[in-house]
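Asks: Chains W and H, in that order, give the protein sequences. Numbering of the first sequence is given in full-length UniProt numbering, commencing with residue 1 and proceeding in unit increments. Numbering of the second sequence is given in full-length UniProt numbering, commencing with residue 1 and proceeding in unit increments.
Fair warning: there could be bad hints in the mix.
[Unchecked claim] Which bits of chain W does chain H cover? Going by a derived footprint, with three or more residues having C-beta under 8 Å, they are:
| hint | region |
| --- | --- |
| 1 | 54 to 64 |
| 2 | 133 to 146 |
[Stated by the list, open to error] Partner residues aside, some chain H positions facing chain W, computed with beta carbon under 8 Å:
| hint | residue |
| --- | --- |
| 3 | T216 |
| 4 | K223 |
| 5 | N298 |
| 6 | V308 |
No wet-lab data here; the hints were simulated from the structure. Glycine is no exception: its CB is placed at the ideal position from the N, C-alpha and C atoms.
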Amino acid sequence: MSNKILEVKNLVTGYQGKDGFMKPVDGVSFDIEKGETICIVGESGSGKSVTSMSIMRLVEFENGRILDGQILFCGEELSKKSNEEMRQIRGSKISMIFQEPLTALNPVFTIGKQITEAILFHRSMGKKEAWLRAEELVRLVGISDPKQRLKQYPHELSGGMRQRAMIAIALASEPDLLIADEPTTALDVTIEAQILELLRSLREERGMSIMLITHDIGVAAEMANRIIIMYAGKVMEVAETKDLFDQPLHPYSKGLLESVPRMDGERGVPLKSISGSIPRLNEVPPGCRFSPRCPFVTDKCHKQEPALEKRGTRQVACWHVDELFEKDLLAIKTEGGVPIES
Amino acid sequence: MLRFMINRAGQSAILLLIVTLITFFLVNLAPGGPASTMRMEATEEERQAIVEKLGLDQPVHIRYVEWLKNALQGDLGTSFTSSEPVIQRIMERLPYTIELTIFTIVISVILGIFFGVISTVKRGKAGDHVINFVSVIGLSVPAFWLGLMLILLFSITFKWLPSSGVGPRGAEFELWGWISHLIMPVLILTTTVLPHIVRFTRSSMLEVTSQNYIRTARAKGAKESVVLYVHALRNALIPIITIIGMLIPRLLSGAVITEAIFGWTGIGTLIIDAARGRDYPLVMGITVMITIVVVFCNLIVDFLYSRVDPRVKNV
Ligand SMILES: Nc1ncnc2c1ncn2[C@@H]1O[C@H](COP(=O)(O)OP(=O)(O)O)[C@@H](O)[C@H]1O
Ligand SMILES: [Mg+2]
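Next up, chain H with everything else stripped away, as it sits in the complex (with noise of 0.2 Å):
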């Protein structure tokens, strides 16, 4: 256990700082910096200034180097363009990403694993078909255009659902308020997701049941809802956890295009506007955040698989 802790620990630092070194090189690479987005009538003295404010006037390498440390120390910096610390920026968004998230990943999970066992139940009939031919229209419409098309139906035509927004807070909230809120950016970022884990629920539930210990399940005299539900599924499980592990990015990708197409105030719209706004500490902070998010992640999928599989060793 302590011994897989910190090999873990140790993957993880590795990875992180991989991934800022990528980003950091990146975004101060791009072309533009936050001097390019004052507003026309500045002066060379005044982009001047600025630059050398922020301290862009040093060489790339040694601004990641001091970053670095900063980082360390858990000082991820402020903010370029509203002065406030990076990390309490983050934190006022990543709850609402969260929220999003984990609503997207339970309902996928959950009929994902469903559908694809009524899938495999019924094999090369209407149900398997109407599934499958479901799930590859999920997979191949942008989000962006079925996201407006629902606002286009719902909010514009129906007036049944908000098209933007987080929905009402803290003192005001509400309970219809906030679910209307959450249910076309749930139901969009699901469409991102949910196809994979039915199809893949599919083959590694027709692998599972061609093994030969669902014939000695039947030998014995087991039920089919046993053989199926219990035999089956407890073995396809085990694939199904580590590709719901590498949907985890995937995901977070997809709520990107979500929230900015919802307004939804996550994490999301927040690096579209630190990216824009040529908000160097911003995006480094929520890159830094987003992988702590994914290595986190991972590690409970590593866990379940441990808890699901006796043949993988007990974390």
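Chain W on its own, in the form it takes in the complex (with noise of 0.2 Å):
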């Protein structure tokens, strides 16, 4: 019995363009083993919610096809299955919570009926004792004077209540995998932390696995045991934490850790940012997708694609892991040497 949850192989996801399909994820691997959290993190536009999207199979609503690939939750192929089967298993076995909580939420109907109405889609029981659920959940994941809130609209709710008021209709069914996608985006600092620990404690209580998308590394680091890197669709690297953070393997992962402030930086020195932005759907440069903005590009990253390759624990998808590596180029500096754009 593989101890996996999720094995995502070789996902391709397409929304029909005006001449073909654009592939906002185009091969995309990854897995995630039982009562982990693994974290996808990559700038906007990367194709991260999409990759949640496919998973749930909600693109197909929204115009998109997934093309190629396999998506296996609990060694079951859920490409294959039909509208129905995919719609008992949404909510009830992988739910998912989004960015915004404000717009997530149905402004029309009370905190408890959005609630309740998670419960009752997948299991037979009374409106009262699926009230009485729900007051639970709402207490569970923090949320004072549950009764009260039960019956409030969100527009009466804050960020921060209305996030734990998702994510408590993501726990209705008790979810074996719950996807975050970029759950505190839109919150402030502290409320994010509170979210966040929240996500935590619950995953220590249910053991169920978490995939949380974020664009955030310094929310990774917090949060993920495995990080998996993503960049225009594919997948750049898979590194768990500790590693990355001590030393990333592609230029792009670096980059990434140079973006943010860190503890054991120097005060006063500039954050360096990757040069260039990412590539438009349409304008996907052929051979290595990061190829253009990459300070350590050859003329092989122009013309051929690297695949991603494991080396040891790890997975990376660069030419030139090993050069690299040998000269300590890949090291994170936040100060001195020549920043790549300040």
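Two chains, each in its own frame: build the complex with the hints.
Replies: If you want it as structure tokens, here you go:
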């Protein structure tokens, strides 16, 4: 019996564009173990959300399509499931929470109605019973005065409370996997810390797996067992969190790490950011997708696309890992050196 | 609640004042007058006597103030053409118009939302195109032409439906007689509002179904029917209710044409008679009455609005 709850293999998801399919996710592979938190990190537009929406099979409601690859959830192929089978998995075995808790909740229904509904979609029980269960869930996610809160509408709650309510909805049927797509991006830092803490404690209590999507590698550092670095629809690097922070193996990972403040970094030194920006979907460069922005780029990078390859416990997709590693060019420097762009 | 009511009453009063002011000057300053509708052989003296008897020798603004004073005391005056009280003439006719418009609005709202939703579900497919096409036809074909065609077809050729009148009432009331007289007028009036509701429902639903909470509903495992008819429609109703409020005046003006075509003795035919006969008090009375009806309908719409959207303060 495999210990993996989710295995994504060579996933390709596309949207019908004017000339052919645009592929925001173009050959993504990763897996999640039971009870593990993985973080998918990458700049905005990397295809993180599309990846999660593909796992939930929600892309097809938004004109998207899974074009290739496999999504194995507890060994079962999700991309082959019928709509009804998939509906029964959504919100029950796999739940999802979203970035904007205000717009993600229906403005015309009470929090209570939205939670009980999520319970009743997957279980047959009385309305009263469901309401009591909702009260329990709301208490579990740290909302005070549950009885009162359940009767309120989303606009009557603060951002943090709404996200807690969203989490309560997601937990309604005790999922095995919780996908959280930038759950704290819209919140301020103190609330963000509280929500992350809540997610951490929930995972410990219930032993569920969490797939956390973020563009903030700092959040990933706090939460993840393993980190998956995504760029322009491809996985660039997969590593245990500690390993990644000790020594990134991909120039893109290095760039991301250098763009966040570090506790051990010198004060007053400007942070670096990666020059350039993520390519548009119809302008994906040939060869390595990161090559136009990579400081170590060579001819080969422009011509051939590197595959994601194993290196011990880690995986990386770069032609020049070995050389760069030997010359110690991948070490993170938050001070000194030539800034790539400041 | 009380505050809202006071506010609303104040606004309505100002609106009524402006509407009556404009109407009063428009009808009184229009060429001709009650005297001009008399028979050709009337002498100049006879004409002058009429003018004096009706008080039309006074300047317009003085007459308006006089009219307003009486109206505020509930007296809308006496009809020039029948010497009955204006209020009585209106009340005889109003129920027929209300009957016609209520049937129309109920049918239009139910069918409009139904076809609008179908159109959204079948977006880009045949069903959507058919609904769209029929809507455009309904909007662009003039009501009077369509009315005449219906009469030609159903009354003259097939002799299925009566071409005119309100049917047997009171003691002679009889169900089929009543319904058969209603069918064509309601149908014609429906074509003036239904397409708007269909098109608006469609665009409102399309807008709503791209919202994040719809994605959330699906992520929770909602059936597609629940997603559409519970989560989306409930939100889409908010703007639909607004548009229905805005369609009320259109409905009433449509009623004037429809009543004229089908000899439906409601307010619509009354206002035509009143305007033709230069019956100033009657025109004014009807204006006041219609304005009150519109204001009242908008009040209902606002109330519904606050029921559907919890973000709007309860009224
Ligand atoms: N429904 C859609 N139709 C067309 N393109 C889409 C759709 N959803 C996302 N995309 C495109 O896919 C790319 C990746 O988007 P996304 O997964 O949201 O990025 P991320 O979550 O990493 O910021 C973007 O370029 C975006 O424009
Ligand atoms: Mg995203």
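Asks: If a hint holds in the structure, say so; if it does not, say that too.
Replies: Okay, the hints, checked on the actual structure:
Using a Cβ-Cβ cut-off of 8 Å, 4 residues of the region 54 to 64 of chain W lie near chain H, which meets the minimum of three, so the contact claim holds. Only residues whose C-beta sits within less than 8 Å of a C-beta in chain H count toward coverage, and the region 133 to 146 of chain W has 0 of them, not enough to reach three; the restraint is violated. The beta carbon of T216(H) comes within 5 Å of a beta carbon in chain W, closer than 8 Å, and the hint placing it at the interface holds. At a threshold of 8 Å, the smallest CB-CB gap from K223(H) to chain W is about 7 Å, leaving the interface hint in force.
The interface hint given for N298(H) is broken, as the beta carbon of that residue sits about 22 Å from the closest beta carbon of chain W, more than 8 Å. Against a cut-off of 8 Å between C-beta atoms, the interface hint on V308(H) holds, since the closest Cβ of chain W lies about 7 Å away.
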